[in-house]
Amino acid sequence: MTDRTSRDDPVLIALLAEYNSLRQESLQAISNRITIMNFAFTSLAVVIAAVLNSSLPNEVLIPACLVFVPGAGKASLLIWLGEYHRSQRAGRGVMKVERQINAHLGGQYLEWEGRLVSSGTHMGYPYVATAVFILSTGALAEVLGAYFLVEAHAGSFGGDLLIAAGVLVYAVAAEAGYLWFFLRRWRAIRGATHSA
22 MTDRTSRDDP VLIALLAEYN SLRQESLQAI SNRITIMNFA FTSLAVVIAA
72 VLNSSLPNEV LIPACLVFVP GAGKASLLIW LGEYHRSQRA GRGVMKVERQ
122 INAHLGGQYL EWEGRLVSSG THMGYPYVAT AVFILSTGAL AEVLGAYFLV
172 EAHAGSFGGD LLIAAGVLVY AVAAEAGYLW FFLRRWRAIR GATHSA
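Residue 22 is where the sequence shown starts when you use the working numbering, and the numbers rise one by one after that.
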């Protein structure tokens with residue numbers, strides 16, 4: 022073994038330390054994403070269950086259903102997206118350090134991250150399912166909010182159909198706008214990672 026590849030090589034030691042640090046960063050971000058989604062869905066499900074079994078007045082239930090639950094779901098999804106971005110940045114860093122280590126050693130010794138990116142095996146469906154799962158919780162709450170709103174104002178200002186239509190327009194606009202924003206950000210993050 023030459024001096025350049027020995028255990029005492031300070032460049033190799035530094036590169037391996039950076040490699041391990043970035044791998045840990047990526048794994049921690051993945052773990053955080055799972056924790057965020059578990060907490061988000063559990064807490065939103067508990068709030069919806071409480072709403073369904075509550076004797077609170079409609080003045081409390083309607084805003085909770087139309088604003089709080091969907092907003093909390095969207096905020097959770099943004100936090101999740103931040104951790105997704107963090108893991109993708111760390112993965113890009115790992116790939117860069119793999120190249121540096123391989124160049125330093127004069128061969129292809131580390132190639133896990135580079136092979137993942139070049140093979141195009143990134144699975145989008147678990148991420149889409151996560152987004153749909155959380156957003157559907159907000160949509161369910163919006164349906165409940167519409168129900169409570171119709172119930173609270175039955176027979177006033179144009180009837181139930183007008184109220185339901187108004188909530189539907191609000192919900193579709195809010196969900197579609199957020200979904201457009203979220204998908205744009207997610208694609209930008211993925212594109213930056215998989216074009217490297």
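If you're looking for bench data, these hints aren't it; they were derived computationally from the structure. Warning: the hint list may mix true and false statements.
Simulated crosslink set (EDC-like; lysine to aspartate or glutamate; CA at most 20 Å straight-line) [claimed, not checked]:
hint, residue 1, residue 2
1, 117, 46
2, 117, 39
3, 117, 132
4, 95, 196
Quick list of simulated restraints, FRET-style, between CB atoms [to be verified]:
hint, residue 1, residue 2, range
5, 37, 191, 24 to 34 Å
6, 154, 52, 11 to 21 Å
7, 153, 67, 35 to 45 Å
8, 213, 73, 40 to 50 Å
9, 213, 149, 40 to 50 Å
Bear in mind that the values here come from a model prediction, so they are computed numbers and not experimental data. All C-beta atoms, glycine included, are put in the ideal place defined by N, C-alpha and C.
Going through the hints against the structure:
1. With a C-alpha separation of about 15 Å, the suggested pair residue 117 and residue 46 falls inside the 20 Å cut-off, and the hint holds.
2. Pair hint residue 117 plus residue 39 holds up; C-alpha atoms about 10 Å apart against a cutoff of 20 Å.
3. Using a Cα cut-off of 20 Å, the hinted pair residue 117 and residue 132 holds, with the two alpha carbons roughly 10 Å apart.
4. A C-alpha spacing of about 9 Å is found between residue 95 and residue 196, which places the hinted pair at or below 20 Å, so the restraint holds.
5. Our hint of 24 to 34 Å for residue 37 and residue 191 is violated, since their Cβ atoms are close to 54 Å apart.
6. The hint said 11 to 21 Å for the Cβ distance between residue 154 and residue 52, and at roughly 18 Å that hint holds.
7. Hint check: residue 153 to residue 67, Cβ distance near 20 Å, so the stated range 35 to 45 Å is violated.
8. For the pair residue 213 and residue 73, the supplied restraint of 40 to 50 Å holds, since their beta-carbon distance comes to about 42 Å.
9. Take residue 213 and residue 149: their Cβ atoms lie about 18 Å apart, and the range 40 to 50 Å is violated.
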